[in-house]
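Note that the protein sequences, when read in sequence, are chains A and B.
Numbered by the working numbering, the letters in the first sequence go through residues 1 to 329 in order.
Numbered by the working numbering, the letters in the second sequence go through residues 330 to 658 in order.
Hints are computed from structural coordinates only; laboratory data are not their basis.
Any given hint could be a false lead.
[What the hints assert, rightly or not] The calculated lysine-lysine pairs, modelled on DSSO-like cross-linking and capped at a C-alpha distance of 27 Å, are:
no.	chain 1	residue 1	chain 2	residue 2
1	A	Lys179	A	Lys301
2	A	Lys311	B	Lys640
3	A	Lys301	A	Lys182
4	A	Lys311	B	Lys514
One letter stands for each residue in the lines below.
Number of protein chains: 2
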Amino acid sequence: MKIRSITATLLALCISSAWAATDEPIQPITPAKITKPAMVELGKKLFFDPRLSKSGFISCNSCHNLSMGGSDNLKTSIGDHWHQGPINAPTVLNSSMSLAQFWDGRAADLKAQAGGPIANPGEMGFTHALVVEMLESIPAYQVEFKQVFGTDKIDIDKVTTAIAEFEKTLVTPNARFDKWLKGDKKAITTYELAGYKLFKDSGCVACHNGPDVGGNSFQKMGLVEAYKTTNPAEGRMGVTGKDADRFKFKVPSLRNVELTYPYFHDGAANTLSEAVTTMGRVQLGKQFTPEETAKIVAFLKTLTGDQPNFKLPILPPSSDTTPRPTPFN
Amino acid sequence: MKIRSITATLLALCISSAWAATDEPIQPITPAKITKPAMVELGKKLFFDPRLSKSGFISCNSCHNLSMGGSDNLKTSIGDHWHQGPINAPTVLNSSMSLAQFWDGRAADLKAQAGGPIANPGEMGFTHALVVEMLESIPAYQVEFKQVFGTDKIDIDKVTTAIAEFEKTLVTPNARFDKWLKGDKKAITTYELAGYKLFKDSGCVACHNGPDVGGNSFQKMGLVEAYKTTNPAEGRMGVTGKDADRFKFKVPSLRNVELTYPYFHDGAANTLSEAVTTMGRVQLGKQFTPEETAKIVAFLKTLTGDQPNFKLPILPPSSDTTPRPTPFN
Numbered sequence: 001m002k003i004r005s006i007t008a009t010l011l012a013l014c015i016s017s018a019w020a021a022t023d024e025p026i027q028p029i030t031p032a033k034i035t036k037p038a039m040v041e042l043g044k045k046l047f048f049d050p051r052l053s054k055s056g057f058i059s060c061n062s063c064h065n066l067s068m069g070g071s072d073n074l075k076t077s078i079g080d081h082w083h084q085g086p087i088n089a090p091t092v093l094n095s096s097m098s099l100a101q102f103w104d105g106r107a108a109d110l111k112a113q114a115g116g117p118i119a120n121p122g123e124m125g126f127t128h129a130l131v132v133e134m135l136e137s138i139p140a141y142q143v144e145f146k147q148v149f150g151t152d153k154i155d156i157d158k159v160t161t162a163i164a165e166f167e168k169t170l171v172t173p174n175a176r177f178d179k180w181l182k183g184d185k186k187a188i189t190t191y192e193l194a195g196y197k198l199f200k201d202s203g204c205v206a207c208h209n210g211p212d213v214g215g216n217s218f219q220k221m222g223l224v225e226a227y228k229t230t231n232p233a234e235g236r237m238g239v240t241g242k243d244a245d246r247f248k249f250k251v252p253s254l255r256n257v258e259l260t261y262p263y264f265h266d267g268a269a270n271t272l273s274e275a276v277t278t279m280g281r282v283q284l285g286k287q288f289t290p291e292e293t294a295k296i297v298a299f300l301k302t303l304t305g306d307q308p309n310f311k312l313p314i315l316p317p318s319s320d321t322t323p324r325p326t327p328f329n
Numbered sequence: 330m331k332i333r334s335i336t337a338t339l340l341a342l343c344i345s346s347a348w349a350a351t352d353e354p355i356q357p358i359t360p361a362k363i364t365k366p367a368m369v370e371l372g373k374k375l376f377f378d379p380r381l382s383k384s385g386f387i388s389c390n391s392c393h394n395l396s397m398g399g400s401d402n403l404k405t406s407i408g409d410h411w412h413q414g415p416i417n418a419p420t421v422l423n424s425s426m427s428l429a430q431f432w433d434g435r436a437a438d439l440k441a442q443a444g445g446p447i448a449n450p451g452e453m454g455f456t457h458a459l460v461v462e463m464l465e466s467i468p469a470y471q472v473e474f475k476q477v478f479g480t481d482k483i484d485i486d487k488v489t490t491a492i493a494e495f496e497k498t499l500v501t502p503n504a505r506f507d508k509w510l511k512g513d514k515k516a517i518t519t520y521e522l523a524g525y526k527l528f529k530d531s532g533c534v535a536c537h538n539g540p541d542v543g544g545n546s547f548q549k550m551g552l553v554e555a556y557k558t559t560n561p562a563e564g565r566m567g568v569t570g571k572d573a574d575r576f577k578f579k580v581p582s583l584r585n586v587e588l589t590y591p592y593f594h595d596g597a598a599n600t601l602s603e604a605v606t607t608m609g610r611v612q613l614g615k616q617f618t619p620e621e622t623a624k625i626v627a628f629l630k631t632l633t634g635d636q637p638n639f640k641l642p643i644l645p646p647s648s649d650t651t652p653r654p655t656p657f658n
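So here's chain A without its partners, still in its complex pose (with noise of 0.2 Å):
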């Protein structure tokens, strides 16, 4: 009987571990390693402070919401005095995993990131001197950055590096799909799984794979044929400055993107089978049946991981001297 049953058991884990899906174009996300938790905290905070905008309305988290895939669901996004921005919102979430930041790449990394928006007058609109002033004039701020970086020197440096610390603990684990591919078959249906293989087979996974389904590689959008929009967004050329990279932006995640609607660049595709529908024909030159479409949309819905997972982050206050947000000016 014992015999029998350790018998069972290592077949079972035999099976198991055969099967787990080591060979497939998209890997599990790892669960991110908290190695500095107070500088996560740190930039928890900032994520989520207004005052980092010259209205003391908007921050990080204004466009990528935490509570909604780490996007604003919006074409492109509100900004200071209600500019209307440029170009989709991409999610926050797994960025981590990107190649590079922004949708042309131009910023290296999360930290590189952080800075723009903060400075960009359509966004936040303020200034880096502006908000190390700011958070000077914040005793409990100082402390913070004190523990953290061992000075209380703050500069927008260190402000951009906690933000980014922060980022890093935004991935996803534990979606449906990533328990398929660690061996768990019936975390996905027959429908879901043959979305997967219809994904894989008609070619979409030549640009979203790995871990993050995306976010590996920068292509042309309208590979096939052009892709018709009002946005005049030209991608990867602004940054290398070669004419190939015309209309080449990053290929964004596909991780979580039943939560970010609407899709593209431009934010042009309200729902996920639009979306595949037009992927499908203007990068592939494949015109989906509404049946297949639906197969990949089922497939993508499994694709939705663990959402941020925190305490709603309580802001320190202003002190007398903190110089007060112009929302109006």
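Please build the complex by placing chain B on the supplied structure of chain A, with the hints as guidance.
Showing chain B alone in chain A's frame:
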């Protein structure tokens, strides 16, 4: 030894009990008793959901930011299309204790209040009908309304009922001053206690009393000396039509007042010192010395209680049929 120990304990209890400040004009806050947890969870999601606004960008939490004392720390709020609000956003913390809602008390309770900003063109800019249509298009919300209300027919009454139920949990017990009231003599310093004594002796406590340290009466702003402001709000008169109610406003709670700057209905006082000085002059005919003001401010800072302590809510995604927000129309 045993008897001595029991005697000492009894004695300590008697002293503690005898000392507990039961006859003070301010009473400790009672922690919220959550009797409808599912409704609170639904209300929390709705409170954080920017899809309750036309733009998809502004939630209840935008102006009653629970990371910042339940306020936006702006003179007046930013609304749809960057509309400049007419009056300072009061904190939502402990608002269930108020005799009525809004500065002029035009809403009887939190439920009546919650519907206001949603449909105000200068705030969330939406309509109740469109909010209901949006919510009904989201399967996870449908399920949750059904679980909470026993029917999947969503209406604005249920929406505001749930939001109010969540808001009722936003009380902030365990302020240092409350600990002092309950008998912990060391919970506040001698200096802070002197500030409290001055607060009482000067007459501040005539209006700022009860567990909410305010919130339980309407009083004229500028009782002794006319209050100068460019803000056209006339307060309670707009509700009652009585000339005697001109410039009467709900006395704000002083709970967490350290966090809810700037002060007054017009947000004109940037600091607690300014607020105390002005109040002394226009309400009490007193010219507080800087030392007196500092003492009262020190006391006021002992009124900061436990801040909201819950996980960031994760919102259910829109479905393909959910109408998309139109921030730029």
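Here's how the hints hold up against the structure:
1. Among the hinted pairs, Lys179 of chain A with Lys301 of chain A is consistent with the structure: their alpha-carbon atoms are about 13 Å apart, no more than 27 Å.
2. Taking the CA atoms of Lys311 of chain A and Lys640 of chain B, the gap is about 4 Å. The hint holds against a cut of 27 Å.
3. A distance of roughly 17 Å separates the Cα atoms of Lys301 of chain A and Lys182 of chain A; the hinted pair therefore holds under the 27 Å criterion.
4. Distance hint between Lys311 of chain A and Lys514 of chain B is unfulfilled; the C-alpha atoms sit about 32 Å from each other, more than 27 Å.
Going through the hint list in order, the structure does not satisfy hint 4, though it satisfies all others.
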